[in-house]
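Protein chains: 2
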Amino acid sequence: MKSPAALDQLIDALRCLPGVGPKSATRMAYHLLQRDRKGANGLAVALDTALQVIGHCTLCNNFSEQPICSLCTSEQRDATTLCVVEMPTDLMMLEQTRSYKGMYFVLMGRLSPLDGIGPKEIHLDRLIKRAQDGVVNEVILATNYTSEGEATAHYVSELIKVRGLKVSRIARGLPMGGEIEYVDSGTLAQALLERKNIT
Amino acid sequence: MKSPAALDQLIDALRCLPGVGPKSATRMAYHLLQRDRKGANGLAVALDTALQVIGHCTLCNNFSEQPICSLCTSEQRDATTLCVVEMPTDLMMLEQTRSYKGMYFVLMGRLSPLDGIGPKEIHLDRLIKRAQDGVVNEVILATNYTSEGEATAHYVSELIKVRGLKVSRIARGLPMGGEIEYVDSGTLAQALLERKNIT
Numbered sequence: 001m002k003s004p005a006a007l008d009q010l011i012d013a014l015r016c017l018p019g020v021g022p023k024s025a026t027r028m029a030y031h032l033l034q035r036d037r038k039g040a041n042g043l044a045v046a047l048d049t050a051l052q053v054i055g056h057c058t059l060c061n062n063f064s065e066q067p068i069c070s071l072c073t074s075e076q077r078d079a080t081t082l083c084v085v086e087m088p089t090d091l092m093m094l095e096q097t098r099s100y101k102g103m104y105f106v107l108m109g110r111l112s113p114l115d116g117i118g119p120k121e122i123h124l125d126r127l128i129k130r131a132q133d134g135v136v137n138e139v140i141l142a143t144n145y146t147s148e149g150e151a152t153a154h155y156v157s158e159l160i161k162v163r164g165l166k167v168s169r170i171a172r173g174l175p176m177g178g179e180i181e182y183v184d185s186g187t188l189a190q191a192l193l194e195r196k197n198i199t
Numbered sequence: 001m002k003s004p005a006a007l008d009q010l011i012d013a014l015r016c017l018p019g020v021g022p023k024s025a026t027r028m029a030y031h032l033l034q035r036d037r038k039g040a041n042g043l044a045v046a047l048d049t050a051l052q053v054i055g056h057c058t059l060c061n062n063f064s065e066q067p068i069c070s071l072c073t074s075e076q077r078d079a080t081t082l083c084v085v086e087m088p089t090d091l092m093m094l095e096q097t098r099s100y101k102g103m104y105f106v107l108m109g110r111l112s113p114l115d116g117i118g119p120k121e122i123h124l125d126r127l128i129k130r131a132q133d134g135v136v137n138e139v140i141l142a143t144n145y146t147s148e149g150e151a152t153a154h155y156v157s158e159l160i161k162v163r164g165l166k167v168s169r170i171a172r173g174l175p176m177g178g179e180i181e182y183v184d185s186g187t188l189a190q191a192l193l194e195r196k197n198i199t
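Line by line, the protein sequences are chains B and E.
Under this note's numbering, the residue at position 98 of the first sequence is numbered 98, and the numbers go up by one with no gaps.
Under this note's numbering, the residue at position 1 of the second sequence is numbered 1, and the numbers go up by one with no gaps.
Hints in this document: simulated from the structure, not taken from any laboratory.
No false leads were slipped in.
Copies of the same chain look alike in the list, so a pair counts if it fits in one copy or across any two.
Lysine-lysine pairs mimicking DSS-like chemistry, simulated, CA-CA at most 30 Å apart:
#, residue 1, residue 2
1, K23, K38
2, K101, K120
3, K101, K23
4, K161, K101
5, K129, K166
Just so you know, these numbers come straight off a predicted model, no measurement behind them.
Pulled out of the complex, with its shape left as it was, chain B reads as follows (with noise of 0.2 Å):
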C-alpha cells in the first residue's frame, strides 16, 4: 500500500517551511486535502503572486513591490539618521513606537558563521555603501540583545566608525513596568552599569 504521489510530493514540499517535520507537514497536508481545499488554492495563489511581485527594495534592503519602497521615497522621514535592524517585523515594531522618523536598514538575518550566514549574507557591503551616501551622520544599530545580534552590532559597528560616522546602539535595561525582583541579573547588571545621571 503506497500513498498517492501527489500527496508524497506535497507533504515533501511542505517541508520547505521552518519548523515544519515530516509529521506536521502529513498533518498539514491531510487537513488541506481534507478539510480547506479553498485554502490550499489561496495559499498556491499567493506564493506564486509573492514569488513574482515581491523583491528587496535597493534602498533599505526591506520587502518591496517597488524597486524602491514607500519608506525610503517619503520625504516626511529623517534622511540623516540610518536604522539598522534584522528583520521586518523588528521594522514595524519600531515603526510602531512612532518615536523613530528616519530611514532604516533591513540586514534579514544576523551573522551566524555556524549557519553559514556572513557578512555578505546579510548585505553589509550594501549597507556601507548606503550609510556613505553623503546625507546618513548616524548609524543605530537596532538588532537583538542575543549574541548573534550582538556580535553582529560589534561588527557593523567596527566597519561604520572607521568610515568616520557615528555609530550608536538601542539601549538595555529594565522593560516599562519591569520589576527589579523578577528580572534576570544580566538585564539588571547591565541597567546598573548603564545608570544615568537624575537632572
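Please build the complex by placing chain E on the supplied structure of chain B, with the hints as guidance.
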C-alpha cells in the same frame, strides 16, 4: 509604513495551515521569500497538482488518485474483514505491522460534536453501505483509544451490530516492552480486566 500587499496576502494564506498563527505565518513567509524561493515555488506547484489529482477512493474513502485505490483493487487482500480507522496515517501504521491482510475504511476524522463533526462528516452512511456488500463479515474498529475515538467506535459498533455483522475492537493493554511501574493506571486497569487465560 505598510508591508507589501502580496506579502500580507501570503502571510494570511499561510494561516490556513493547521497550528500556524500570525507569528509563525510571518516567519514562514519571510523564510520562503528570503531563503527558499525555490521551495516556495515547489510548494505552489505541489498544492496545485494535489488539488487537481487527489480525490477519495469510493470504496475505502482514503486519499487516492484513482476512483478506486490500489489497496481496494488488490486481489491479495482478504475481502471478508473491514478495518475502520480514523486517518490515513493510522492505515499506514497498521500496514507497517504486516499482520493485517483485509480491507479498510478511512473515516477521515472522528465524531466530535463540539467541532461540528457528526456521523455525516465521517461518512458513516458510506461505511454502512460498504460493510453490507455481502462479502464483509467482520468489522474491526481501530479508532484511537481517546475519548473521541472511543465514542466513535461505540457509535459505529451499534450501527453495525443491528445489521447482523460481527464487530470487534482492537485490544487495549500494556505496550510491547511496557513496564508496569511506568504505565498509566487506566491502561493497567484495562489490561487486568482484559486478561487472557494461558492455555
